[in-house]
Amino acid sequence: NAGVTQTPKFQVLKTGQSMTLQCAQDMNHNSMYWYRQDPGMGLRLIYYSASEGTTDKGEVPNGYNVSRLNKREFSLRLESAAPSQTSVYFCASSRRTGLAKNIQYFGAGTRLSVL
Amino acid sequence: DQQVKQNSPSLSVQEGRISILNCDYTNSMFDYFLWYKKYPAEGPTFLISISSIKDKNEDGRFTVFLNKSAKHLSLHIVPSQPGDSAVYFCAAQPQETSGSRLTFGEGTQLTVNP
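Chain order of the listed sequences is X and H. Using the numbering used here, you'd call the opening residue of the first sequence number 1 and step up by one each time. Using the numbering used here, you'd call the opening residue of the second sequence number 1001 and step up by one each time.
Hints listed in this document are in silico derivations from the structure and should not be mistaken for laboratory results. Since this is a predicted model, take the numbers as computed values, not measurements.
Partner residues aside, some chain X positions facing chain H, computed with beta carbon under 7 Å:
1) G40
2) G42
3) L43
4) F90
5) N102
6) G107
7) A108
8) G109
Don't be surprised by glycine CBs; every beta carbon is placed ideally from N, CA and C.
Take these sequences, add in the hints, and give me the full structure.
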């Protein structure tokens, strides 16, 4: 049981290049999330998808777009990468939203450097 | 505006002793709290949680305490082991009907020395 799988694990981009980070979960979870982790700032929510077909902005959405392709997959796209987007990106999923306990399960992360 | 704050970036303890990690929050709408552990080059993994209707939750060596009036929670690890060395994040969830977004603290690096 793989859980949450992120690809690629590492990526180096030049300023202005675009790329898509892929995320897939095999736990039949309804909700999926994208975070970035920067030193001293913890995990900050970029976008999330409460259920298939819906997406919403998180705390730091500027410069990113997302697609909830189906229940399993949630991708994060950088249209024109900037050095400020150098970070470690984590995808997560959880069983359901609402008042239920929201235990999120994380992938191993994508380390992105923008030069 | 940091709604969840972990004021200690790092903590070092001896093996066998107690580790106490602290977390403060400002949003009174938070009603569910979680601790995650993160090893280098891995994603965070869920450790333990507590609902606001409780003041303590215990799971083996790990206990989380919640003081709602002080908007403070703490994670106790007893006894601490070298394998506990990791970054610990506290997170909080508001009581709402959609989204169930978690707000994370900055993290505390715990080092347990043999």
